[in-house]
Amino acid sequence: MGIIEVNQLTKYFGGVAAADGLEFQVEQGEILGVIGPNGSGKTSLFNLITGIYKPNHGEVIFEGKNIAGRKPYEILKRGIARTFQATRLFSEIDVLHNVMIGFHSRTKSGFGGVLLGSRSARKEEKEVPEKARELLHFMHLDHVKDKLAGNITGAEQRRLMITIALATDPRVLLLDEPTAGISMEEASELLELIMETRNRGMTVLLIEHNMKVAMGISDRMIVLNFGKKIAEGVPKEIAENEDVIEAYLGRD
Amino acid sequence: MAKKVFSKKVLVAFILFIFFALVPFLFKGYYLTALGMGLFYVLLGLSLNLVTGFAGSISICHGAFYGIGAYACGLLIVKTGMTFWPAFVLGTVITGIISFLVGIPFVRTKGPYFAIGTLCFGAIVSLIILNWVSLTGGISLRGITSPGGLGIVKFKGMTNYYYLLFAAVLLYIYINHKLRNSRVGRALIAIREDEELAECTGVNTRWYKLLAFSVAGLLAGLAGGLYAGYMRAIDPGLASIGHSFTILAMLIVGGTGTISGAIFGPLLLWLLPEFLMVAEDFRLIIYGVFLLLVILFMPRGIAGQLKYSLPNISKWIP
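Protein chains in written order, with the working numbering: chain A, 1 to 252; chain B, 1 to 318.
Just so you know, these hints were derived from the structure itself, not from any lab.
Hints are not guaranteed to be accurate.
To be verified - No farther apart than 25 Å at their CA atoms in a straight line, the calculated lysine-lysine pairs in the BS3-like style are these:
no.	chain 1	residue 1	chain 2	residue 2
1	B	K110	A	K71
2	A	K54	B	K110
3	B	K178	B	K28
4	B	K315	A	K145
5	A	K126	B	K178
6	A	K147	B	K110
Said to hold, decoys possible - Computed far set for chain B versus chain A, every beta-carbon distance over 10 Å:
no.	residue
7	S140
8	R186
9	F275
Unchecked claim - Between beta-carbon pairs, the in silico distance windows are:
no.	chain 1	residue 1	chain 2	residue 2	range
10	B	Y30	A	D142	54 to 64 Å
11	A	N151	B	W316	21 to 31 Å
12	B	V93	A	K126	28 to 38 Å
13	B	W207	A	G216	56 to 66 Å
14	A	R78	B	N312	43 to 53 Å
15	B	N131	A	R78	44 to 54 Å
Quick reminder that beta carbons are idealized off the backbone N, C-alpha and C, glycines included.
So that you can see chain A by itself, here it is in the shape it has in the complex:
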């Protein structure tokens, strides 16, 4: 049984299917590559899993419970974090505080505790910046921690997005084209970090546009086209799959 099981997941926008009866499993601890031509429903799949879209039909079973249609913050709290395709950060706040926001779901202090300065709230206020600094160190971002998130380089912003997601302490990480818009060198550094988080026990779903990169990093892959899954398997099988080649290159 996989950590995530997607059953008959369907989402329509008007007459267009963003997801059309999707079925697949994500195994604990694997990197599952999600590929497909533009508009094939990769990001929609992530939006469905993380609660941004509510499916018309179908289930997303995470650790035995159906999470389809739940609110994003509830799904995050259960342990699924994501990044976005376009860089998306709290750009007018400094890098350290961006990561500290990531700790929201793992901390508890509320309005009353904060105002009265309760012991647990004070303890959290001490711990959270420390943990955030540790995480920034792991992601090679210490040197920019006091800069505004909007003022750091594109590659650093990409890493910061993942850092925020990691701060939520997820068991599954959904990365939507993490290497989009950065140089090959920076991208390979980022992919190494992704491999390292996986080696620490994280399960990763990865949308990747560059086929070579996707083949190189994924343990298994699924291929989408027009909201349907057209292939599933290890990278070698995918590379040789006729339907996949056709979807990407078209028919003669």
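Put chain B on the given structure of chain A with help from the hints.
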């Protein structure tokens, strides 16, 4: 380094504290009253800052909560014969409950929809206060008793009342400061920056917006109660849309999301026309010009822009 920055801010804050604590000794008569009245707007600016500054939701019914607080306190005194303090506490709580209930539908909306929703609520409140003559007395409610005293401290005239307001300002600053540097404040600021991203980062956005909105409403109600006790006669203008816009303009000019902006924006826009001795009609023009200049040249507000553009100066801004 970090410690030094901290101490500069504390130094400036301390000097300001001493200055404002000594105001009743430095100024008398008209100037004292003008400054004291300005503190009501500081209270409104600081409370609106929670929802508009931190959570980034533009609320155009802050005057309505101010009016509800004033009328709740005033009516309890006039109609039930309560003394000031219990009426004040009860009025504040009532305002908090109303803002919580009203907030429930509003926090489902974002951006301009939130602003328009709150605007409509503000309009409804001021119309009810104006037209429910049998309850509110229509164009004015008179006969409210002043606080008198609290223990041995007497609140008679602006000299003493000033300290009551000053204490409230310190409380509001404390709330702003504590929240800003906490898990709750970070959640609110995350909502302001990108609501969807905040939700995907684990923030229950509706709950936190509701929290900010209702606490802001409650604190506006508290300020309204103090106003009723000081003026002893109140009118529906307190809750009018124009008044709500004025409060919002004061906060925007000062700088949303900053504590110093929420204090000095209201003071500046209140005192400037007051000290220039221009007729009431020109006040709006001055607001308009100020607002325009600030939006064009300092989109983060005066304090916000100083902090952003001049990092050296920002070390001195508390």
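Evaluation of the provided hints:
1. K110/B - K71/A: With Cα atoms ~17 Å apart, K110/B and K71/A stay inside 25 Å; holds.
2. K54/A - K110/B: 19 Å, holds
3. K178/B - K28/B: 34 Å, violated
4. K315/B - K145/A: 18 Å, holds
5. K126/A - K178/B: 14 Å, holds
6. K147/A - K110/B: 28 Å, violated
7. S140: 36 Å, holds
8. R186: 5 Å, violated
9. F275: 34 Å, holds
10. Y30/B - D142/A: 54 to 64 Å: Since Y30/B and D142/A have Cβ atoms about 56 Å apart, the given range 54 to 64 Å holds.
11. N151/A - W316/B: 21 to 31 Å: Holds, since N151/A and W316/B (Cβ atoms, about 22 Å apart) stay within the stated range.
12. V93/B - K126/A: 28 to 38 Å: 34 Å, holds
13. W207/B - G216/A: 56 to 66 Å: Violated - the Cβ-Cβ distance for W207/B and G216/A, about 43 Å, lies outside 56 to 66 Å.
14. R78/A - N312/B: 43 to 53 Å: 46 Å, holds
15. N131/B - R78/A: 44 to 54 Å: 51 Å, holds
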